[in-house]
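Student: Reminder that position 154 of the sequence shown reads as 165 in my numbering, one-by-one numbering, no gaps.
Hints are supplied without guarantee of correctness; some may be wrong.
[Stated by the list, open to error] The calculated label-pair distances, taken between Cβ atoms and stated as ranges, are: (1) His48 to Met13: 52 to 58 Å; (2) Gly242 to Ile38: 22 to 28 Å; (3) Arg355 to Gly101: 41 to 47 Å; (4) Val34 to Asp287: 25 to 31 Å; (5) Ala322 to Ala222: 51 to 57 Å; (6) Leu194 to Thr218: 27 to 33 Å; (7) Arg380 to Gly320: 32 to 38 Å; (8) Gln335 to Glu174: 31 to 37 Å; (9) Ala319 to Ala160: 56 to 62 Å; (10) Ala322 to Arg355: 27 to 33 Å; (11) Gln335 to Arg380: 29 to 35 Å; (12) Gly35 to Pro224: 48 to 54 Å; (13) Ser324 to Pro249: 34 to 40 Å; (14) Glu70 to Gly31: 42 to 48 Å.
Quick caveat, the hints were computed from the structure, so don't treat them as lab data. Since we're looking at a predicted model, the values are computed, not measured. By construction, the Cβ of each residue, glycine as well, lies at the ideal position given by its N, Cα and C atoms.
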Amino acid sequence: MMLEAIFWIGAGVLFYTFVGYPVGITILARLRPRPVHRARIRPTVTLLIVAHNEERHIEAKLENALKLEYPAGFLEIVLASDGSTDRTVGLGRRFESRGVRVLAYPVRRGKPSVLNDSIPQCRGEILVLSDARQRYDHGAIAALVENFADPTVGAVSGELLLEGGHDGGVGAGVGLYWRYEKLIRRSESAFDSMLGATGAIYAIRRTLFEAMPVDTLLDDVLIPLRAVRGGRRVVFEPAAKAFDHVAETASQEFTRKVRTLSGNLQLFLRERWMLDPRRNRLWLQAISHRGLRLIAPFCLIAVLGASAGLARSATLFTTALFAQLIFYGLALIGVCGGRFARVRCFTVPYAFCLLNLTALVAIFVFIARRQQITWRKAIVRAGVAR
Numbered sequence: 012m013m014l015e016a017i018f019w020i021g022a023g024v025l026f027y028t029f030v031g032y033p034v035g036i037t038i039l040a041r042l043r044p045r046p047v048h049r050a051r052i053r054p055t056v057t058l059l060i061v062a063h064n065e066e067r068h069i070e071a072k073l074e075n076a077l078k079l080e081y082p083a084g085f086l087e088i089v090l091a092s093d094g095s096t097d098r099t100v101g102l103g104r105r106f107e108s109r110g111v112r113v114l115a116y117p118v119r120r121g122k123p124s125v126l127n128d129s130i131p132q133c134r135g136e137i138l139v140l141s142d143a144r145q146r147y148d149h150g151a152i153a154a155l156v157e158n159f160a161d162p163t164v165g166a167v168s169g170e171l172l173l174e175g176g177h178d179g180g181v182g183a184g185v186g187l188y189w190r191y192e193k194l195i196r197r198s199e200s201a202f203d204s205m206l207g208a209t210g211a212i213y214a215i216r217r218t219l220f221e222a223m224p225v226d227t228l229l230d231d232v233l234i235p236l237r238a239v240r241g242g243r244r245v246v247f248e249p250a251a252k253a254f255d256h257v258a259e260t261a262s263q264e265f266t267r268k269v270r271t272l273s274g275n276l277q278l279f280l281r282e283r284w285m286l287d288p289r290r291n292r293l294w295l296q297a298i299s300h301r302g303l304r305l306i307a308p309f310c311l312i313a314v315l316g317a318s319a320g321l322a323r324s325a326t327l328f329t330t331a332l333f334a335q336l337i338f339y340g341l342a343l344i345g346v347c348g349g350r351f352a353r354v355r356c357f358t359v360p361y362a363f364c365l366l367n368l369t370a371l372v373a374i375f376v377f378i379a380r381r382q383q384i385t386w387r388k389a390i391v392r393a394g395v396a397r
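Assemble the whole structure, with the sequences as input and the hints as a guide.
Tutor: Quick look at the structure:
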């Protein structure tokens with residue numbers, strides 16, 4: 012009876028986390044949508060780009076920023092260098108004659124410290140926060156700010172489009188997962204509010220920004236989350252597009268996801284109000300979308316162990332055991348790459364297992380306090396650093 016309870020509880024949590032909640036929030040968004048009252052407003056905007064050793068991308072990023080379609084004199088572009096030791100600052104200063112401001116911090120401290128120090132120096136009513144790598148659609152800024160015509164909106168997330176991954180491998184699986192994730196975020200936004208934003212492209216009212224702890228791992232979640240705590244909405248704007256390359260190596264995606272999930276754990280431990288349904292109107296979303304994903308790998312292990320223990324007692328459990336073994340076998344074949352890297356039945360199980368493995372690692376990394384605040388770059392085939 013104990014094994015059966017473990018099996019059904021674990022299977023139920025997994026089904027709700029990856030199927031039930033996404034379907035449920037999508038249905039709610041369609042049945043009870045909460046529209047955003049957009050208008051063609053043009054407040055002053057600061058595009059703040061935080062960079063560390065981005066000499067490969069900074070010129071293209073600033074050229075892209077200068078071509079954004081927004082009224083002259085209403086868009087301020089600020090490059091904040093976090094202790095860069097390459098030519099990032101020098102290349103950025105070449106754009107000062109075209110209106111770009113460069114804030115060069117001599118010592119690398121991490122993005123939260125740079126944001127804390129730079130945002131008080133920004134002039135815009137609306138802050139658009141960006142990394143150095145992503146390219147923006149020309150109308151992205153205008154699309155973001157039109158949502159702020161609604162006074163209930165505190166922050167707006169744009170849409171990140173991942174390019175590449177067509178050759179299969181982990182990139183194909185991650186690209187599919189990202190589309191699944193965006194469907195959930197879009198539905199949460201339509202129903203009420205998202206919990207966080209896409210770090211590559213999001214905007215917030217400058218008056219809502221609060222200095223954050225310097226060891227914050229997920230500034231793009233904490234900053235919008237504080238707007239939610241103040242009663243505002245964080246909404247999704249699909250017309251504000253940013254473009255990036257999908258992860259093309261397992262190690263790159265692994266590093267990124269470990270950091271994200273460690274950051275989620277940090278948020279739950281520090282922002283205790285998130286766990287209180289009386290103080291957090293998005294409590295169910297917080298638990299369903301972020302909390303349960305941290306325990307999903309333990310549920311996967313529990314269901315597999317319970318299935319093995321019950322396999323001889325009933326056909327149902329025997330079938331469940333073989334189904335799991337086949338799924339994990341397909342994932343192992345996906346690891347091998349080669350000609351299997353182009354087949355979705357291998358790449359999707361591979362990506363799913365990789366992402367759940369990162370949750371296990373993230374918990375142990377966070378407990379051991381081994382997660383660094385500064386971002387470690389990984390060089391990939393496409394020449395993209397992160």
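Student: Next step is simple, just say for each hint if it's right about the structure.
Tutor: Okay, the hints, checked on the actual structure:
Checked against the given bound of 52 to 58 Å, the beta carbons of His48 and Met13, roughly 54 Å apart, stay inside it. Between Gly242 and Ile38 the Cβ separation comes to about 25 Å, which falls inside the hinted range of 22 to 28 Å. Our hint of 41 to 47 Å for Arg355 and Gly101 holds, since their Cβ atoms are close to 45 Å apart. Separated by about 26 Å at the C-beta atoms, Val34 and Asp287 satisfy the suggested range of 25 to 31 Å.
As the Cβ distance of Ala322 to Ala222 is approximately 55 Å, the hint placing it in 51 to 57 Å holds. Leu194 and Thr218 have their C-beta atoms about 31 Å apart, which keeps the hinted 27 to 33 Å range intact. For the hinted restraint 32 to 38 Å between Arg380 and Gly320, the CB-CB distance of approximately 36 Å keeps it satisfied. Distance hint check for Gln335 and Glu174: the Cβ-Cβ separation is about 34 Å, which falls inside the suggested range of 31 to 37 Å.
With their beta carbons about 57 Å apart, Ala319 and Ala160 fall inside the hinted range of 56 to 62 Å. For the pair Ala322 and Arg355, the supplied restraint of 27 to 33 Å holds, since their beta-carbon distance comes to about 29 Å. The beta-carbon spacing between Gln335 and Arg380, approximately 34 Å, falls within the hinted interval of 29 to 35 Å. At about 33 Å, the beta-carbon gap between Gly35 and Pro224 misses the expected band of 48 to 54 Å.
As the Cβ distance of Ser324 to Pro249 is approximately 49 Å, the hint placing it in 34 to 40 Å is violated. The hinted range of 42 to 48 Å is satisfied by Glu70 and Gly31, whose Cβ atoms lie roughly 47 Å apart.
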